[in-house]
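Trainee: Here are the chains, one letter per residue:
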Amino acid sequence: MGSPLETPQPLVLHERPLVKLGRVALDAVSGVRALVSLFLRTLWFTFRGSRPKGATALQAFEIGNRSAPFLALTMAFIGMILVYQSAVQLGRIVPDYSMVGANYAELLVRELGPTIGGLMLATRVGAGMAAETASMVVTEQVDALRLCAADPVDFLVVPRFLASLVMTVVVIVLCSGLAYATGALTALVAFDVRLDVFVNLSLVDFGDVATGLTKSLAYGAAIPICSCHCGLAAEGGSAGVGRATTAAVVLSSLAIIVINFFISASAFLVGL
Amino acid sequence: MGFLMALSSRLPYRVWGDLRGFVASLGGGVLLQAATVGQMGVLLSRIAARSTPARLDRRELVRHMEFMAIESLPIVGVTALFTGAIVIIQAAPVVQRFGAEGLLGWGAGFGVLREIGPLLTALMISGRVGANNTADLGTMVVTEQVDGLRALAIDPIAYLIVPRFFALIATLALMTIFSDVLALVGAALAGEVLVGLTMHGFYNGFTSGLIEFKDVAHGLIKSVAFGFIVALSSCHFGLATTGGAPGVGRSVKASVVASATGIFALDYFLSFVVP
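Protein chains in written order, with the working numbering: chain V, 102 to 373; chain W, 14 to 288.
Just so you know, the hints here were simulated from the structure itself, not pulled from any lab data. Positions of the beta carbon are idealized from the N, C-alpha and C atoms, including for glycine. Treat each hint with caution, since some may be false.
Stated by the list, open to error - Short, incomplete list of chain V residues facing chain W, as computed with Cβ under 10 Å:
{"hint": "1", "residue": "T147"}
{"hint": "2", "residue": "F178"}
{"hint": "3", "residue": "S187"}
{"hint": "4", "residue": "M221"}
{"hint": "5", "residue": "D244"}
{"hint": "6", "residue": "A340"}
{"hint": "7", "residue": "T347"}
Based on the sequences and whatever the hints tell you, model everything.
Mentor: Next comes the structure, spelled out in structure tokens:
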């Protein structure tokens, strides 16, 4: 364990490219395998495990109630920004703002609400989970759990997984509503679009709602798996906790963007 | 006041206690946030004071930028490619409804250059570089290495913070250019493969003259502002770390949350102010 003052270490740029590529590929494969393994173990213990009573509710409070103000703030801003930018964009071709609200509602339900909300949850909840579990690993509390024959996946990951599955959907639906409201206000104030013209849900159909909810559910599953994977893999004191938390934020955000691409593409190809 | 007294005497004790607790926690939260903002202001003025005769340690700066930028290239690249593709997938139904496929290149370019490129790059850099910076500084603080520097009469702000601060701002601006390009490539590829719009048509739409240099500049000005807020909050929470290994984790979390809040708030104001 070198002293952190020595990081950032000089990069090895002259390493042979094929060696580097091979190492990256091997790392990626083993990382994905570890994630899938953790996910399967989590599912197994969800149905077969014996976690302490109330642990899930506690995590649901942490994920839902504690994150709601942060998420509400960012989503309120993103609602205003998006309506403003899209109206400016539209204004360059046809200055007719009557359909801004309808298109915004569709885009919010199927794409922006789940994804921006998911990225924010990945930042806050992912970092929190990784920091917690990594601290437990480096202070040997996880080893103590194993000593008591309590599987860390059952004891730590499953409550976070279940809570995140429920609360991500709830928080995203609530905050998307808020983003819609702030968007409507921006359209009213900046572009004189009346509220009854803006509130137009005619373009939101079953496919949009289904896509949006699928995305929220998938993000809710991905965030705790990615963050707990990083947290449980921590080693080496306070520097290790820092590295694990950083890795969790990056991995969860990346997972959300990749999942978003695959769900969006399949919804588009199916024609939802 | 009299009304409140009368109310308090009627309310059951538990409810009144809860209410008081709620008000107290609300006020406490506000005071805590105000203290954080104030400390960031102090840190900023110190950074400004240490760098007013511009005497940057160029070697440190380059070393940090090398680490921050080159290490983040893969993740920013992947994010940008997928984001560009998503923009096209989501814009395609809207554009097809209006029968304006020729405008798809323009629409994607506008959204990516002005809004989505800078925003997502800033969020990824905040997660990758800002969080790393906080973790690094936090580890140095809890292992008393920063105190060690002070004991050697080396100013931690000048030695540790100033190079990181400027390296992060520069990194984010450069990364935004990189990810703008890759997002447009991703959009063009997705248009070709999924939507059935040729790359040529995408390019024509993109260069039809509706995108001006000021749209690119809009995005870049934003990215500099985002770099500023990410650098400031990551350095602040790193230096404010207390309490061993769990403290480092808490600092990293606080840093990414503050960065994201700052990014969205600044994005809102800059969207209106910058033409």
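Trainee: All hints are to be evaluated individually against the structure, with a verdict given for each.
Mentor: Hint check results:
Using the Cβ-Cβ criterion of 10 Å, the hint placing T147 of chain V at the interface with chain W is not satisfied: the shortest such distance is roughly 26 Å. Hint status for F178 of chain V relative to chain W: holds, with the closest Cβ pair at about 4 Å, below 10 Å. At a threshold of 10 Å, the smallest CB-CB gap from S187 of chain V to chain W is about 8 Å, leaving the interface hint in force. Checking M221 of chain V against chain W by beta carbon gives a least distance of about 6 Å; that is within 10 Å, so the hint holds.
Annotation: interface hint on D244 of chain V violated; nearest CB of chain W at approximately 15 Å, more than 10 Å. Proximity of A340 of chain V to chain W holds as hinted, the smallest CB-CB distance being about 4 Å (cut-off 10 Å). Hint on T347 of chain V holds. Least Cβ distance to chain W is approximately 4 Å, under the 10 Å limit.
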